[in-house]
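Undergrad: So you can see what is in the structure, the chains are spelled out below.
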Amino acid sequence: MATLHVLSHSPFSDGRLSSCLRLLGPADGLLLCGDAVYALQPGTAQRQALELMPAAIGLFALDEDLCARALAAPARVQVVDYPGFVELSCRFDKVNSWL
Amino acid sequence: MKFAIALFAPPHAPSSRRALRFVQAALAGGHQIVRLFFYQDAVHNASSNVVSAQDELDIPAEWRELVRQQQLDGVVCIAAALRRGILNEQEAQRYQRSAGNLDAPWDLSGLGQLHEAAQTADRLICFGGP
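Respectively, the protein sequence lines represent chains U and B.
For the first sequence, the numbering used here assigns the number 2 to the initial residue and increments by one for each residue that follows.
For the second sequence, the numbering used here assigns the number 136 to the initial residue and increments by one for each residue that follows.
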């Protein structure tokens, strides 16, 4: 079952992102929100790891959290707003929040 | 699509605001929210006594208005609420406390309500942490 993983913790303070990337199945997706969008900081190992993810895995980031932190998403990552977040929740079979 | 929403974070956490915006977007998109379940520190979102600074968002007030206007099923975990001093009038009397601080539209109930909502809904979306 395709699962959307939702991360909101900074990838520089714990291992949630790396654990999540290891667990992602071939049809899964990852939505970065809150401090988790810091994974897109240019020149970091976290951003490189995301850019190296297989193309079948959908990578998403919440627009307002990028704006609040003055971060720009690379082309590999699709930027979504709240209606987009709702649409993703419908598109994937399950939503798993890394609390 | 039927959504059940579980919130674990207090009003000052960004995830509480994220849950609120998600619910608003889902309703605007024609989806159904079968239940909101406030657990752990999220019970503070239902308190009538939260006072927000004038230049800050009043998240508890926004939740209250949303639940009222949309007539949502807003459930607050009773065990989590009592241990954090969130009581309705009935519980305040039962435990001889001077006042309650949880009013309509919120209901105090048990964790079974979260389980039932998860069974009823197509998706359970959890919000917590930062």
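Treat the hints as calculated values from the structure; they're not laboratory data.
On a predicted model such as this, the values are computed, not experimentally measured, just so you know.
There's no promise every hint is true.
What the simulated footprint calls covered on chain U by chain B, stretch by stretch (three residues with Cβ under 8 angstroms from a Cβ of chain B suffice, anywhere in the stretch; the number is not a length) [as the list claims (entries may be wrong)]:
id, stretch
1, 33 to 44
2, 86 to 97
Now the in silico label distances, taken between C-beta atoms and shown as ranges [stated by the list, open to error]:
id, chain 1, residue 1, chain 2, residue 2, range
3, B, Gly-235, U, Leu-53, 22 to 30 angstroms
4, U, Thr-45, B, Gln-225, 47 to 55 angstroms
5, B, Ala-234, U, Ala-50, 46 to 54 angstroms
6, U, Glu-88, B, Gln-254, 17 to 25 angstroms
7, B, Arg-203, U, Arg-92, 50 to 58 angstroms
8, B, His-147, U, Ser-14, 34 to 42 angstroms
9, B, Val-186, U, Pro-84, 26 to 34 angstroms
10, B, Thr-255, U, Arg-92, 49 to 57 angstroms
Heads up, the beta-carbon is just placed ideally off N, CA and C, and yes, glycines get one too.
Undergrad: For every hint, state whether the structure bears it out.
TA: Going through the hints against the structure:
no.	hint	verdict
1	33 to 44	holds (count 3)
2	86 to 97	holds (count 7)
3	B:Gly-235 / U:Leu-53: 22 to 30 angstroms	54 angstroms, violated
4	U:Thr-45 / B:Gln-225: 47 to 55 angstroms	52 angstroms, holds
5	B:Ala-234 / U:Ala-50: 46 to 54 angstroms	52 angstroms, holds
6	U:Glu-88 / B:Gln-254: 17 to 25 angstroms	24 angstroms, holds
7	B:Arg-203 / U:Arg-92: 50 to 58 angstroms	31 angstroms, violated
8	B:His-147 / U:Ser-14: 34 to 42 angstroms	19 angstroms, violated
9	B:Val-186 / U:Pro-84: 26 to 34 angstroms	32 angstroms, holds
10	B:Thr-255 / U:Arg-92: 49 to 57 angstroms	21 angstroms, violated
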